[in-house]
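Heads up: the sequence lines are chains A and B, in that order. Take the first sequence: its letters are residues 1 to 234, numbered as in the working numbering. Take the second sequence: its letters are residues 1 to 417, numbered as in the working numbering.
These are computed hints drawn from the structure, not numbers from a lab. Beta carbons: idealized from backbone N, C-alpha and C, even for Gly. A portion of the hints provided could be inaccurate.
Stated by the list, open to error - Quick partial rundown of chain B residues pointing at chain A, CB under 8 Å, derived from the structure:
#, residue
1, A150
2, E155
3, G180
4, S243
5, G301
6, I308
7, S356
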Amino acid sequence: MWGQVKQALYQSTTRFVTRLATLVPGFVALVVALLVSLLLAWVVWMIMRRLLLSMRFDERVSRWGLSSLAEWSPQNSPTLLVSGTIACLIVVTGFLIGIAAFNSDLTSSLVRGIVAYVPNVVGAIVILAVGALVARYVSRSVLIGAVNLNLGYARLLSVGTRWLVMVLTIAMALVHLRIAVGIVELAFGILFGGIVFALALAVGLGSKELVTKSLERDAKKTPADTAEEPLRHL
Amino acid sequence: MEVDSAPQQAGQDIGQIENADLVVGIIADISQEDIAEVCDALRTLPGNPRIVVLQNRLTSDSAPTDSAAATQDSSLSLIPWALHTQNSPTTPLGSMLAAYQSTLTVGARLGVRGCCVIASKLEHAPSKWICRLTEPLLEASCDFIAPSYARRKFEGLLNSSIISPLTRSLYGLRIQNPMGPDVGISQKLFQRFLDGDQNGKTGGSGMHLLASLVPLVLCGNLEVSQAYLGARSYPPTEWTHVSSLLSEILGPVFLAMEKNAACWQRTRSSSPVKSLNEATPAPHTTGTVEIDRLVHSFQLGIRDLQEIWGLVLPPASLLELRKLARLPIEQFHIPDELWVRIIYDFALAHRLRMISRDHLLRSLTPLYLGWVASYARELETAEENAIEHRLERLSLAYEVGKPYLVSRWRWPDRFNP
Numbered sequence: 001m002w003g004q005v006k007q008a009l010y011q012s013t014t015r016f017v018t019r020l021a022t023l024v025p026g027f028v029a030l031v032v033a034l035l036v037s038l039l040l041a042w043v044v045w046m047i048m049r050r051l052l053l054s055m056r057f058d059e060r061v062s063r064w065g066l067s068s069l070a071e072w073s074p075q076n077s078p079t080l081l082v083s084g085t086i087a088c089l090i091v092v093t094g095f096l097i098g099i100a101a102f103n104s105d106l107t108s109s110l111v112r113g114i115v116a117y118v119p120n121v122v123g124a125i126v127i128l129a130v131g132a133l134v135a136r137y138v139s140r141s142v143l144i145g146a147v148n149l150n151l152g153y154a155r156l157l158s159v160g161t162r163w164l165v166m167v168l169t170i171a172m173a174l175v176h177l178r179i180a181v182g183i184v185e186l187a188f189g190i191l192f193g194g195i196v197f198a199l200a201l202a203v204g205l206g207s208k209e210l211v212t213k214s215l216e217r218d219a220k221k222t223p224a225d226t227a228e229e230p231l232r233h234l
Numbered sequence: 001m002e003v004d005s006a007p008q009q010a011g012q013d014i015g016q017i018e019n020a021d022l023v024v025g026i027i028a029d030i031s032q033e034d035i036a037e038v039c040d041a042l043r044t045l046p047g048n049p050r051i052v053v054l055q056n057r058l059t060s061d062s063a064p065t066d067s068a069a070a071t072q073d074s075s076l077s078l079i080p081w082a083l084h085t086q087n088s089p090t091t092p093l094g095s096m097l098a099a100y101q102s103t104l105t106v107g108a109r110l111g112v113r114g115c116c117v118i119a120s121k122l123e124h125a126p127s128k129w130i131c132r133l134t135e136p137l138l139e140a141s142c143d144f145i146a147p148s149y150a151r152r153k154f155e156g157l158l159n160s161s162i163i164s165p166l167t168r169s170l171y172g173l174r175i176q177n178p179m180g181p182d183v184g185i186s187q188k189l190f191q192r193f194l195d196g197d198q199n200g201k202t203g204g205s206g207m208h209l210l211a212s213l214v215p216l217v218l219c220g221n222l223e224v225s226q227a228y229l230g231a232r233s234y235p236p237t238e239w240t241h242v243s244s245l246l247s248e249i250l251g252p253v254f255l256a257m258e259k260n261a262a263c264w265q266r267t268r269s270s271s272p273v274k275s276l277n278e279a280t281p282a283p284h285t286t287g288t289v290e291i292d293r294l295v296h297s298f299q300l301g302i303r304d305l306q307e308i309w310g311l312v313l314p315p316a317s318l319l320e321l322r323k324l325a326r327l328p329i330e331q332f333h334i335p336d337e338l339w340v341r342i343i344y345d346f347a348l349a350h351r352l353r354m355i356s357r358d359h360l361l362r363s364l365t366p367l368y369l370g371w372v373a374s375y376a377r378e379l380e381t382a383e384e385n386a387i388e389h390r391l392e393r394l395s396l397a398y399e400v401g402k403p404y405l406v407s408r409w410r411w412p413d414r415f416n417p
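I would like the entire structure built from these sequences, with the hints used as guidance.
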């Protein structure tokens with residue numbers, strides 16, 4: 001009896017040690033891959049940083065009208081953002097290669113799944129970046145146009161427009177990432193509709209006073225007031 | 001631009017003419033009688049030159065009427081011509097400006113000695129002044145003849161507040177209307193423009209042509225003179241379209257400034273240009289200016305556009321603007337020095353593309369309306385002859401402020417007061 005127990009314990013210990021031993025090369029490979037990728041990332045980061053600084057990348061970005069990129073960057077420097085992003089990508093790639101070195105079904109399918117998901121993530125980032133730029137451009141257009149039309153609620157219109165575009169962008173990015181698609185669609189519909197309704201109410205209520213004032217002014221106008229304004233710009 | 005975009009009939013009429021000495025493009029909406037008088041006046045030019053008059057005809061018109069049909073004699077050909085075509089921009093200003101280029105292209109094809117454009121309605125019929133714009137071109141004594149009009153208090157404000165004093169400060173030429181619109185251009189000058197246009201240096205629209213004229217004259221050491229044409233009737237501008245106007249006009253001006261930076265940075269002072277005839281006093285202006293509305297636009301801009309202006313203007317200018325917005329209307333006044341710095345900063349921001357160029361120029365509108373309010377308040381009760389002194393003061397402020405522009409232009413990051 002005792003011999004059988006001993007035998008079973010021995011066999012299970014052997015299996016455990018064997019399994020553990022098979023994992024060690026994977027761990028070593030993961031650590032090596034991480035160290036190599038960290039080293040490579042640091043080298044690439046340094047090279048990219050120097051290259052972009054010599055190109056005056058930060059100034060060029062603001063000249064290209066992408067000044068919003070600086071706001072999202074560490075120390076307001078798009079150079080640091082770009083070089084840091086590339087370095088992070090190298091480290092993440094190194095980590096995935098290291099994980100794949102375990103050579104088990106689980107890790108292989110995990111890596112395959114992550115790699116297959118990368119295009120979605122990249123796509124979502126691109127959608128967010130483009131959406132942010134479009135939102136800023138459109139909101140500025142609305143703000144300047146509304147101020148030039150002497151509308152008192154220009155800022156409200158501009159902020160509303162920016163949020164409309166951003167909500168649309170975020171919804172598109174989430175759908176692209178396949179995260180809770182049904183909820184996103186529903187929430188997007190409610191939010192988008194809500195913003196439009198709020199804007200319509202705000203503009204409508206704001207315009208009420210404007211229209212009243214305009215009608216009052218027209219009614220009070222004397223023939224002398226209706227004479228053509230003498231200003232000629234061109 | 002190719003002339004084959006014009007109607008076939010007109011193209012055939014031009015095709016029949018092998019060469020000419022002068023092309024006159026009539027863009028302004030003037031009567032057939034006036035056109036006939038212009039032709040008669042042109043026939044009196046010395047030396048019996050061969051002249052082609054292009055009479056503007058909209059593409060939407062049907063077949064030419066008898067009066068509009070081409071007429072030719074030994075010295076003058078009058079050709080109905082779609083100076084702005086279906087491919088031209090749809091705005092009235094845009095299509096008018098496209099007409100300039102049609103005229104120049106016809107001039108280049110015919111190898112003329114000069115081109116002249118009649119673009120505005122003046123109180124005197126064009127026949128009274130057309131020879132002033134054309135004769136120096138034929139005598140080859142001048143390359144660019146700019147118009148000078150009788151000054152009225154509240155007319156041509158964009159020109160008075162920005163274009164003319166900026167041109168004077170940058171290029172050193174005291175021209176009342178650097179961008180015409182009634183101009184005479186020598187073959188040497190328009191050929192330079194067309195060559196630059198083919199090389200993609202000038203931008204290609206009529207507005208770019210008008211904005212490029214003075215820089216081309218100064219940088220090419222060409223001769224310029226000014227002809228007094230009388231009082232001009234200015235087209236009314238819908239106040240809601242002022243921002244489009246600023247964007248359409250100032251864009252090419254700032255672009256020309258950028259392209260000719262090396263040239264204007266060498267210019268230190270200004271000098272008057274030769275006048276071909278004496279100016280006469282202008283009749284009085286009637287009507288009152290709604291200063292309240294203009295100041296309200298300015299205050300609204302201060303309230304809502306500071307985020308955008310903060311990218312363009314230095315903190316000191318922003319602070320001064322904020323103080324101005326708090327003043328009561330009776331005390332509202334934008335100092336010339338501040339206005340000049342604002343224009344220079346916007347020109348610099350246009351060059352550096354700090355924000356979209358269209359946004360930048362449109363965001364200038366409340367500031368421009370603020371200047372108009374300040375100017376109108378100052379001159380509301382003044383006599384017409386006070387305008388010259390007032391605008392001279394402004395022009396001098398532009399000249400005094402030029403070192404600021406040069407410093408910021410050369411070192412935009414280092415020099416930011």
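Outcome of the hint check:
1. A150: Cβ of A150 of chain B sits 13 Å from chain A, so the hint is violated.
2. E155: holds (4 Å)
3. G180: Status violated, d = 11 Å.
4. S243: Holds, because the Cβ-Cβ distance from S243 of chain B to chain A comes to roughly 4 Å (cut-off 8 Å).
5. G301: holds (6 Å)
6. I308: holds (7 Å)
7. S356: holds (6 Å)
The structure does not agree with the numbered hints 1 and 3 stated previously, though it agrees with the rest.
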